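*Asks:* Take the sequences, apply the hints, and build the full model.
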Amino acid sequence: LSILISGTGERVAEPVDGNVPLFAPRLYVEYTTLVNVDVSEDGATDTYDVVLDSQPQAGTTVTITLGTADGQTTTNPTSLVFDEFDWNIPQTVTVMAVDDGFAEGSPHAGVITHTAISADSNYNGIGINSVTANILDNDLPLEFTVNSFADTEDANLGDGLAQDISGNTSLRAAVMEANA
89 LSILISGTGE RVAEPVDGNV PLFAPRLYVE YTTLVNVDVS EDGATDTYDV
139 VLDSQPQAGT TVTITLGTAD GQTTTNPTSL VFDEFDWNIP QTVTVMAVDD
189 GFAEGSPHAG VITHTAISAD SNYNGIGINS VTANILDNDL PLEFTVNSFA
239 DTEDANLGDG LAQDISGNTS LRAAVMEANA
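Mapped onto this note's numbering, the consecutive letters of the sequence shown carry residue numbers 89 to 268.
It should be emphasised that the hints constitute simulated quantities derived from the structure, not laboratory data. Errors might be hidden in some of the hints.
[Unchecked claim] With beta-carbon atoms standing in for the labels, derived distance ranges:
#	residue 1	residue 2	range
1	Val234	Thr135	31 to 37 Å
2	Ala132	Asn210	33 to 39 Å
3	Ser194	Ser142	38 to 44 Å
4	Ser254	Asp188	54 to 60 Å
5	Thr203	Ile253	27 to 33 Å
6	Leu224	Ile253	44 to 50 Å
7	Ile253	Asn164	42 to 48 Å
Small disclaimer: the values here were computed from a predicted structure and weren't measured. The beta-carbon is built from N, C-alpha and C at its ideal position, and this holds for glycine as well.
*Replies:* Structure below.
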């Protein structure tokens, strides 16, 4: 039993428990190594497919919830449901980057996790590899030219200008704006 996540890379199968298979069947998760998707904060998306490699027990479903707890990406859909009739039909996940307004470097990564829940004990809670999103950042690092020796505060935090009420940039205003 396994869940296949397809993308680019070399397809392999690894035992979930780390053991080499002997004579008894074991639970395996088949996945594509180095599964990465490439997305951009400017709106470019990417996709990957998820499919089961064996039929779940009759009358049960396997729900795979996608997690993006790091806040770098979102997915559509946020969960997938397979049953005894469509278990072998790939379902596509679209990955989008969050345009967060922070200069994080390019590329930076987001991680998409997968959790399986099912009344079928063969699938419930099995380990599923994460997918890494390579995110191209569209934010430039903030740069300010200090043109005042005055110790003045930024007049409008978060506007990207680091100017005091007179339109000058003090060191304090630049630090305040950079941390806003």
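*Asks:* Does the Cβ pair Leu224, Ile253 satisfy 44 to 50 Å?
*Replies:* 37 Å, violated
*Asks:* Determine whether the Cβ-Cβ distance between Ile253 and Asn164 falls within the hinted range of 42 to 48 Å.
*Replies:* Distance hint for Ile253, Asn164 holds at roughly 45 Å.
*Asks:* Go ahead and decide if the range 31 to 37 Å is satisfied by the Cβ distance of Val234 to Thr135.
*Replies:* 46 Å, violated
*Asks:* Taking the beta carbons of Ser194 and Ser142, is their distance inside 38 to 44 Å?
*Replies:* 40 Å, holds
*Asks:* Please test the hint of 33 to 39 Å on the beta carbon pair from Ala132 and Asn210.
*Replies:* 37 Å, holds
*Asks:* Do the Cβ positions of Ser254 and Asp188 conform to the proposed distance bound of 54 to 60 Å?
*Replies:* With Cβ atoms ~31 Å apart, the hint is violated.
*Asks:* CB of Thr203 to CB of Ile253, is that within 27 to 33 Å?
*Replies:* 51 Å, violated
In this structure, the earlier hints numbered 1, 4, 5, 6 are contradicted, and the remaining ones agree with it.
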